[in-house]
Amino acid sequence: MEALIHGITTITLGQIAMMLIGALLMYLGIKKEYEPTLLVPMGLGAILVNFPGTGVLTQVVGGTKTEGVLDVLFKAGINTELFPLLIFIGIGAMIDFGPLLQNPFMLLFGAAAQFGIFATVFVAVFFGFNIKEAASIGIIGAADGPTSIFVSNQLAPNLLGAITVAAYSYMALVPIIQPMAIKAVTTKHERRIWMTYRAEGVSKTTKILFPIIITIIAGFIAPISLPLVGFLMFGNLLRECGVLDRLSNTAQNELVNIVSILLGLTISVKLQADQFLNIQTLMIIAFGLFAFIMDSVGGVLFAKLLNLFRKEKINPMIGAAGISAFPMSSRVIQKMATDEDPQNFVLMYAVGANVSGQIGSVIAGGLLLSFFGA
Amino acid sequence: MKFDPTAVEQAGELMLVGMGGVFIVLFIIYLVAKLLLKFAPAKKAAK
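Line by line, the protein sequences give chains A and B. All the letters of the first sequence, read from the start, carry residue numbers 1 to 374 under full-length UniProt numbering. All the letters of the second sequence, read from the start, carry residue numbers 1 to 47 under full-length UniProt numbering.
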């Protein structure tokens, strides 16, 4: 009889709280459709790992060790960095560098909008995190799930759970966060600046050579970033080479879907009550928001700085599109532009900056790891 | 968790290396993109 009620009598308040958090994540994913691909499996995973003696985690019963399935998957896919990298192949296959190559100047906004990463490192350090933990928290500002997981797993694996929850939640909240941040640092006049679209054609040769050359550049400057950059560009090459459509389709669909299922469930290993419920988690969630805000502010202010020297002004909102949250950010910027002036179409510039942000965030993650010699 | 002044210094270095590095890399990629567009131009549509 005691065995039957053991779970009920030994469960802690913290574990119950984590189950409620898991339920909240599922609610956000299902009802609000905030990044359901990750939040729903993470939510259910949070419930699975917070039962006393749960079989999904490794247990020692009477001197016998029984491996839990989520621990097995964690060792195989997260400790090895395999899952985020496989997802990157799929993401690379989904990216079209065409709009960016039509307006290569947008590349600079992909750099400026990584400002939030490094600004957050300062803030986290002031609040007592060590430099590696602060860098892991800062990488939430990359607005890229696999990059956040890849970097924080190497620099501060104890914070992986909170960082992942923050990163994916804020990516889903870009339509709410970005407009507020942009309006705080721009005037109505600036938001109404017209951008005339002038597209240069892009040859197939250019689209094939581009990912290869980026890989080579990253290999020389930040070789530690090669898993991230290389896998992203490999996915893109599958798409652009024109002779591997089957592999490209598989990468964009089956590969991403299968690995996302496993990744979401497996990350929940870090959502155990004793690891997640602490003041650090609250601080990480707050700093993650700061990172996202400062990304947008950094991009916008860079655009305004450039406008001091340009005759043909850039709509500064495009700077904010340089974050990696693709394609959501570019759509947010276009909506803001047409809200100010229904005739102003900045979408292709915003898409170019947004795609550049994907490159910028991966390079930023690689540079963080290089700095610590990880 | 304790405030460590040397970590602030490291954060400053990281900001320089990180933002500087990202800008340099993306600027190099910008130059590469311009070269690719020049030396491998798109075919103009037939009139």
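Quick caveat, the hints were computed from the structure, so don't treat them as lab data. Just so we're clear, the structure is a prediction, and the values are computed from it rather than from any experiment. Note that beta-carbon positions come from the ideal geometry of N, C-alpha and C, so glycine has one too. Hints are supplied without guarantee of correctness; some may be wrong.
As the list claims (entries may be wrong) - Derived list of chain B stretches under chain A, where covered just means 3 residues or more per stretch with a C-beta under 8 Å from a C-beta of chain A:
(1) 3-10
(2) 15-27
(3) 35-41
Taking the hints in turn, this is what the structure says about them:
no.	hint	verdict
1	3-10	holds (count 5)
2	15-27	holds (count 11)
3	35-41	holds (count 4)
Violated hints for the displayed structure: none, as all numbered hints are satisfied.
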